[in-house]
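There are 2 protein chains.
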Amino acid sequence: MKGSTLFFKSSPSVAAAAAVGGKMEGDGPMCKAFDKINEDPYFSAETFEQGESKLLKETVLHALSKGGLNEGDIDVMFGGDLLNQCVGSTYGLRCFDIPYLGVYGACSTITEGAMLAALFIDGGYAERALAVTSSSFCAAERQYRFPLNYGGQRTPTSQYTATASGALVFSGEKLPPFVRAAAIGRITDLGVTDANNMGAAMAPAAYSTVRSFLDDTGMSPSDFDCIVTGDLGKVGSRLLCELFERDGTDIRSLHLDCGTMLYSFEEQDVHAGASGAGCAASMLAGYFVPRLRCGEYRNILFAATGALLSPTVSQQGETIPAISHALWLSSSPWNEKNGGAL
Amino acid sequence: MKGSTLFFKSSPSVAAAAAVGGKMEGDGPMCKAFDKINEDPYFSAETFEQGESKLLKETVLHALSKGGLNEGDIDVMFGGDLLNQCVGSTYGLRCFDIPYLGVYGACSTITEGAMLAALFIDGGYAERALAVTSSSFCAAERQYRFPLNYGGQRTPTSQYTATASGALVFSGEKLPPFVRAAAIGRITDLGVTDANNMGAAMAPAAYSTVRSFLDDTGMSPSDFDCIVTGDLGKVGSRLLCELFERDGTDIRSLHLDCGTMLYSFEEQDVHAGASGAGCAASMLAGYFVPRLRCGEYRNILFAATGALLSPTVSQQGETIPAISHALWLSSSPWNEKNGGAL
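Chains as they are written, first to last, in my numbering: chain A, 1 to 342; chain B, 1001 to 1342.
Isolated chain A (complex conformation):
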């Protein structure tokens, strides 16, 4: 570890990845990133919360199946989600007889789980490790904001919680893509209090983590095909680019944000874009991993972003702390020959 960056010299592989989404995600421009679209917001369960658990479980089953794996092949799984007490994950994963570690980083959860799963492989603590997270529009809306039936109006800076899940299986195989390094985020709170403007709260966290990663590794943004953030949306993405501009770095041409990619701003009513733990997770698993695997991308820095508030403390007038954890994913592993070259 140097600064906040973990180096994985053994370059754990993303051996399998899967994404499942809901109707809005299937109607959007990223529909092909999903292994399955389920148009029922209940996922055939009785409640939205149970539906999210089914979505998450189904995504894990898709990932196992795509990797030709059974649950017995997984040594440890990392899960977490936005529901109170992370019940999306605990109820969705209780059917699997696999050691479980719960993680929580709000919408950055997938990069936290993935980094720990990769670390278990790199350190020789596991042969295969899985990371998964999810979000559900209907469950999140009533927990964080208003019951859907209330028909509340949303502000222009608000984002639309994705109904989606992404799962990744890590192993020591030599199958691209590989995790070369990961940056652990610091909690960053610049005083934003508007819970309908998560992008503004999270942009400084993304800046902090990406900046630290570049400083720790001595790399520059142009070493990557793209620098991807989780769900900053339109507002947060603009702020992130401005923060980099202030230190003399122009990342505009390299920056992508899952929150601005998942839906069509023209055809879908999503205000500032997508959000939710499932947004970054499904895009990582269903969009970026396949493009790294086939070599379309050679190196990406993937920094999911999370707002660490709860409705309770938000209503008490608290500001919004945020965090971002990043993964350096590459189509080639470290090796002695390339000395870690790109």
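Worth flagging that the hints you see were computed from the coordinates, not collected in a lab.
Don't be surprised by glycine CBs; every beta carbon is placed ideally from N, CA and C.
Any given hint might turn out to be false.
[Said to hold, decoys possible] Okay, the calculated bits of chain A under chain B, using three or more residues with CB under 8 Å as the criterion:
#1 33–42
#2 131–137
#3 304–313
[To be verified] Calculated cross-link-like contacts (lysine to any residue; reagent style SDA-like; alpha-carbon spacing at most 20 Å):
#4 B:LYS1032 with B:GLY1317
#5 B:LYS1002 with A:GLU71
#6 B:LYS1002 with A:GLU266
#7 A:LYS2 with B:PRO1290
#8 A:LYS2 with B:ASP1027
#9 A:LYS9 with B:THR1249
#10 B:LYS1002 with A:TYR125
#11 A:LYS2 with B:GLU1071
#12 A:LYS2 with B:LYS1032
#13 B:LYS1002 with A:GLY152
#14 B:LYS1002 with A:ASP97
#15 B:LYS1002 with A:LEU69
#16 A:LYS32 with A:GLU266
#17 A:LYS2 with B:LYS1066
#18 B:LYS1066 with B:PHE1096
#19 B:LYS1002 with A:LYS2
[As the list claims (entries may be wrong)] Okay, the calculated beta carbon distance ranges per label pair:
#20 B:THR1193 with A:GLY317: 30 to 38 Å
#21 B:ASP1215 with A:SER220: 47 to 55 Å
#22 B:GLY1248 with A:GLY295: 34 to 42 Å
#23 A:SER10 with B:ASP1215: 24 to 32 Å
#24 B:GLY1151 with A:ARG154: 37 to 45 Å
#25 B:ARG1246 with A:GLU127: 30 to 38 Å
#26 A:CYS95 with B:GLY1152: 55 to 63 Å
#27 A:GLY3 with B:CYS1095: 16 to 24 Å
#28 B:ASN1070 with A:LYS2: 13 to 21 Å
#29 B:GLU1242 with A:GLY68: 37 to 45 Å
#30 A:SER220 with B:ASN1070: 29 to 37 Å
Dock chain B against chain A, hints included.
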């Protein structure tokens, strides 16, 4: 990793540990385990939630101070708690400029955080790593059950959430105690639906993890001075001993439970005992670590236990999944001479 057990051949050290508690904890038989007792349930903050964050922050400061450390000496910190979206930790730790990873295992959180912190040391990913968790009676009561002003009656099997926090700093120093191994729990759900009987829901998880650990290591209960569970309380402790009895193992004389130790059943109105993430954490940091350090205990198996429900899914009629993660703590490290002997 063998089965669900991680072996730490470098035996990371618990270099520093601290516990802070509230009035009930100070009035109980374990009062000396706490570095500080704060009788104000608000901890001088404006809300119970902010109070829990202050409690947790204060505990970290005590741990750093006892270890002669500054925040710059800690490479990574693991935190999590029972409040929705783990805000006890995120708001309590946002003042520290330390890479942060959020974990969630309900009342088992301290052993999850501690095992990951120890793994970061063992794998060479960090020089010093911190794990912390907390709980607050007043904040938990209104989130999980009823507002305090309601004056609801509690059932005989219910437990009293501890207002307490425990923090541990791990390093590669040669200061006892040492973490020799850790067992990652599996989610266990035997169909208990009574949210006022967490002990019954958690006992099977504790059994599963301790049993797996013994099987993976080939050790027997008598290799330990004691087998400690987190917060099974009176009801869960009896059930755990019965589960072991069924496989022909008598652990009664070796079993301790933080939930039955923290308060006086005679003098304090706590029904089946103590619970809460801070219960196991403060007892580990303030009671067991000092006794391992001075050699009063040579080996303990510490299995914190957590119920992974939320009030929402519980009210929807769901059963209660539970988990338990365990640490093998020893007054001596693994070394080539002893080949890992006790």
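Comparing the hints with the structure gives:
no., hint, result
1, 33–42, "violated (count 0)"
2, 131–137, "violated (count 0)"
3, 304–313, "holds (count 6)"
4, B:LYS1032 with B:GLY1317, "violated (41 Å)"
5, B:LYS1002 with A:GLU71, "holds (16 Å)"
6, B:LYS1002 with A:GLU266, "violated (52 Å)"
7, A:LYS2 with B:PRO1290, "violated (32 Å)"
8, A:LYS2 with B:ASP1027, "violated (45 Å)"
9, A:LYS9 with B:THR1249, "violated (44 Å)"
10, B:LYS1002 with A:TYR125, "holds (9 Å)"
11, A:LYS2 with B:GLU1071, "holds (16 Å)"
12, A:LYS2 with B:LYS1032, "violated (39 Å)"
13, B:LYS1002 with A:GLY152, "violated (52 Å)"
14, B:LYS1002 with A:ASP97, "holds (15 Å)"
15, B:LYS1002 with A:LEU69, "holds (19 Å)"
16, A:LYS32 with A:GLU266, "holds (19 Å)"
17, A:LYS2 with B:LYS1066, "violated (25 Å)"
18, B:LYS1066 with B:PHE1096, "holds (17 Å)"
19, B:LYS1002 with A:LYS2, "violated (30 Å)"
20, B:THR1193 with A:GLY317: 30 to 38 Å, "holds (37 Å)"
21, B:ASP1215 with A:SER220: 47 to 55 Å, "holds (51 Å)"
22, B:GLY1248 with A:GLY295: 34 to 42 Å, "violated (57 Å)"
23, A:SER10 with B:ASP1215: 24 to 32 Å, "holds (29 Å)"
24, B:GLY1151 with A:ARG154: 37 to 45 Å, "holds (39 Å)"
25, B:ARG1246 with A:GLU127: 30 to 38 Å, "holds (32 Å)"
26, A:CYS95 with B:GLY1152: 55 to 63 Å, "violated (34 Å)"
27, A:GLY3 with B:CYS1095: 16 to 24 Å, "holds (19 Å)"
28, B:ASN1070 with A:LYS2: 13 to 21 Å, "holds (19 Å)"
29, B:GLU1242 with A:GLY68: 37 to 45 Å, "holds (41 Å)"
30, A:SER220 with B:ASN1070: 29 to 37 Å, "holds (31 Å)"
Checked against the numbered hints given earlier, this structure breaks hints 1, 2, 4, 6, 7, 8, 9, 12, 13, 17, 19, 22 and 26; the rest are met.
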